[in-house]
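K.L.:
Go by the hints and put chain B with the ligands onto chain A.
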Amino acid sequence: MSMTFEKLKEIREETLNRMNLRGFPSDKPNAPYRWSVAICMETSCMSSKSPQIKQRLLDLIVRDGKENEIEVVGTGCFGLCEAGPIVIVRPGDTFYYRLDVEDIDRIYESHLLGGEPVRDLIYPESITDDGYLSYFEIPFMAHQERVALRSSGHIDPEDIREYIALGGYEALYKALVEMTPDDVIDVITESGLRGRGGGGFITGRKWRATQASPGDEKFIICNADEGEPGAFMDRSILEGDPHSVIEAMTIAGYAIGSDQGYVYVRAEYPIAVERLEKAIGQANDLGLLGANIFGTGFSFNLEIRLGAGAFVCGETTALAASIEGRRGMPRSRPPYSADKGLWGKPTMINNVETFANVPYIILNGAEAFKKVGTENSPGTKVLALSGKIKNVGLVEIPMGTTLRQLVEEIGGGIPNGKAFKAVQTGGPSGGCIGPELLDTPIDFDRLAEIGSMMGPGGMIVLDEDVCAVDVARFYMDFIVDESCGKCTPCREGTKRMLEILIDITEGRGDETSIPRLERLARTTELASLCGLGQTAANPILSTLKSFRDEYEAHIKEKRCPAGVCKALTNNLTKDD
Amino acid sequence: MVSHINSEERQKEIAAFERDLERIKDGRGMLMLALHLAQNRFGYVPSDVQRIIADTLKVPLSTVYGVVTFYSRFTLIPRGRCDLSICTGTTCYIQGAEELLKEAEETLGIKDGETSPDGNFSLSTTRCVGACSLAPVVTVNGEVHGRMTVQEMKKLLADLKKQYLSQPESNEDK
Ligand SMILES: Cc1cc2nc3c(=O)[nH]c(=O)nc-3n(C[C@H](O)[C@H](O)[C@H](O)COP(=O)(O)O)c2cc1C
Ligand code: SF4
Ligand code: FES
Ligand code: FES
Chain A
536 MSMTFEKLKE IREETLNRMN LRGFPSDKPN APYRWSVAIC METSCMSSKS PQIKQRLLDL
596 IVRDGKENEI EVVGTGCFGL CEAGPIVIVR PGDTFYYRLD VEDIDRIYES HLLGGEPVRD
656 LIYPESITDD GYLSYFEIPF MAHQERVALR SSGHIDPEDI REYIALGGYE ALYKALVEMT
716 PDDVIDVITE SGLRGRGGGG FITGRKWRAT QASPGDEKFI ICNADEGEPG AFMDRSILEG
776 DPHSVIEAMT IAGYAIGSDQ GYVYVRAEYP IAVERLEKAI GQANDLGLLG ANIFGTGFSF
836 NLEIRLGAGA FVCGETTALA ASIEGRRGMP RSRPPYSADK GLWGKPTMIN NVETFANVPY
896 IILNGAEAFK KVGTENSPGT KVLALSGKIK NVGLVEIPMG TTLRQLVEEI GGGIPNGKAF
956 KAVQTGGPSG GCIGPELLDT PIDFDRLAEI GSMMGPGGMI VLDEDVCAVD VARFYMDFIV
1016 DESCGKCTPC REGTKRMLEI LIDITEGRGD ETSIPRLERL ARTTELASLC GLGQTAANPI
1076 LSTLKSFRDE YEAHIKEKRC PAGVCKALTN NLTKDD
Chain B
1358 MVSHINSEER QKEIAAFERD LERIKDGRGM LMLALHLAQN RFGYVPSDVQ RIIADTLKVP
1418 LSTVYGVVTF YSRFTLIPRG RCDLSICTGT TCYIQGAEEL LKEAEETLGI KDGETSPDGN
1478 FSLSTTRCVG ACSLAPVVTV NGEVHGRMTV QEMKKLLADL KKQYLSQPES NEDK
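Chains A and B are the protein sequences, given in the same order.
In terms of my numbering, the first sequence opens at residue 536 and continues consecutively.
In terms of my numbering, the second sequence opens at residue 1358 and continues consecutively.
Next comes chain A alone, as it looks inside the complex:
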């Protein structure tokens, strides 16, 4: 099928008219639903039985012939995954949490048939003296601003028409028909969008370099390897709004002159892969992918490639090697991917979240995007908040929000009356940020200044029960597992650092331990070939900075202040 702007608008209006209960009022609603029930269908809620809840509700509706009164939508993540499975009833955005399958019967009878919300199933913090707060008004949502996650939770990610209803694929139309490739790159550059995969590289500059690189065959790659443990932003975008990535990659293809894209997804994400496959199929069917899109002569083909459990494959040159069917080992750069990437051809690699911002920027302009965020880090950042924190889940905040706001207000603080110890950002390449630095704004440069890094967006909160030395040991163990072994400083240096850390946690540390760690850290940083080795010592260096006394307690007093290191637990712990 070939797509035209008229057809796109027709689908948009037709679909929007049946979505009017979801907060998108339309002039001529054609579906007289009384209620719209949104049920989260992402990995986390699905594992606590949201598909069964949905099925049971559908059965009840069919039993009573209420199909025209009640709409049921499987959506992407709402954010507060810890309260899953989440069901939201509209109008009112009433927030039901941690439901059992049978609970839906009561919601159906009381709320949907009788108009009376079921108080004891409603999220407690949304209950007020005179009613219920909407999901979007609960404390967890304070400070949040949704750009990359703009459609998640509102639309059914398995239905391209609902994506189109919210303006989906209009950015593609605008780019292909009303803009030149240079215009597209200019807007992306002006917006100041920086890579969300961790590095923070200016996206427009990368597009420009790949466009300028000579070659008649070029590639677009979406990096969905998301290897950082504790991170699930990219998984969520792919599961909740896969078309935003497809649309963006197609726009990128037009801008740099590529007709072939690959999404490299880690195999640990089966639901994301399935959704993406379905979405690509639907886009092809509607002529939004494939040959001659919008009759412009521009064609773009998209394929999925699976990783196979190697963290290093998130690095661009290793990723290309993996798609080519080789061992995923990085090579030295230059040449950069923009000149010699996949199969030696100019290649542009962006992260999932980076792409998810692109349609918004094309449609609304660079200025609209820059309204949010800080000068050098415009826009928002999606973060996966987990660990020892009350509100666990996915958040999207304007850049510049402080870590304190994130932990205390959005996150709701540390549970069980425990004290905050640190927030770990950037995974095995990042660091632990202690309480003295909590007022740091979250943006690329400010986090780098304090010796940590933004990283892809995993934010793991640690409380007083977590041992800083053990965390450093944990990450080093991870790195030793994942080092590809190609270069000696990383292969050997990380092993030696791990040995020293194990010695310290098992009571064999001595006065040479810390100086040896620091020396090895410097060598590994300076002499390693790729980012994995270059940043491998960060967890050690950052914990040494904030928690040096804890290292010393292990070494000098043979004592683990947090009571974690088993070999030392016979010695007094916990500030005794």
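Keep in mind that the hints were calculated from the coordinates and are not lab data.
As the structure is a computational prediction, the values presented were derived from the model and not from experiment.
Accuracy of the hints is not assured; some may be wrong.
What the hints assert, rightly or not - Below 20 Å or equal to it, Euclidean Cα-Cα: the simulated SDA-like pairs (lysine to any residue) are:
#1 A/K584 x B/T1506
#2 B/K1382 x A/N836
#3 A/K1101 x B/E1456
#4 B/K1468 x A/D1016
#5 A/K1101 x B/G1453
#6 A/K1030 x A/D1045
#7 B/K1382 x A/R840
#8 A/K925 x A/P970
#9 B/K1369 x B/P1435
Unchecked claim - Chain A stretches covered by chain B per the calculated footprint, using a threshold of three residues with CB under 8 Å from any CB of chain B:
#10 578-590
#11 605-619
#12 640-651
#13 838-851
#14 913-923
#15 936-947
Note that CB positions come from ideal geometry on N, CA and C, so glycine has one too.
P.N.:
Chain B with the ligands in isolation, oriented as in the chain A frame:
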């Protein structure tokens, strides 16, 4: 071990796998996909299957072997019919994943990375399946079980043992 089965069943599986390969063999960079297909179908990537892949995709056998051994999802020994995996990503680790692993190793009598001799159970660790909100997390044949405690792990293991040990062995010779 299950790797020496030589039943008709296996011949059929091989034939089906060869048909899968035929479908993809002309694409570019198909080795990883071929290996995923093999791992999913056979539960591992045995050496005769590696040879078939090498011949069909026209890549050296040494390359195939090199790639299989590089990626942790491809294995040279068969995964069990029940493939239990404990997430040891950061969030799960600080929420007690080690205890769960210990419990599983003790109950199943196998270590991380091993398969039980009867082919029923295999045990592995992964580094984050993206369900950190439910940490600590384990997966059973890919299905996520969240908010695990040692108590619940005991129950899960008991259920799995009942389920997999009561079923008659599949028709594989040993
Ligand atoms: C060891 C290593 C692992 C990485 N893993 C990822 C990853 O999982 N996802 C990702 O988007 N970027 C990852 N990166 C960063 C990528 O190399 C690359 O910078 C990024 O995909 C570029 O996209 P962006 O500019 O949109 O951020 C990793 C880098 C290194 C060195
Ligand atoms: S730094 Fe480590 S992961 Fe990177 S190429 Fe060297 S050995 Fe491999
Ligand atoms: S997965 Fe359901 S709310 Fe996040
Ligand atoms: S750390 Fe275990 S699921 Fe993310």
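K.L.:
Now look at each hint and say whether the structure bears it out.
P.N.:
Against the structure, the hints:
1. A/K584 x B/T1506: holds (18 Å)
2. B/K1382 x A/N836: holds (18 Å)
3. A/K1101 x B/E1456: With a Cα-Cα distance of about 13 Å, the restraint between A/K1101 and B/E1456 holds, given a limit of 20 Å.
4. B/K1468 x A/D1016: This hinted pair holds, its Cα atoms lying about 17 Å apart.
5. A/K1101 x B/G1453: holds (14 Å)
6. A/K1030 x A/D1045: holds (18 Å)
7. B/K1382 x A/R840: holds (15 Å)
8. A/K925 x A/P970: holds (17 Å)
9. B/K1369 x B/P1435: holds (18 Å)
10. 578-590: holds (count 5)
11. 605-619: holds (count 3)
12. 640-651: violated (count 0)
13. 838-851: holds (count 7)
14. 913-923: holds (count 4)
15. 936-947: violated (count 0)
In terms of the numbered hints stated before, the structure departs from hints 12, 15, listed from lowest to highest.
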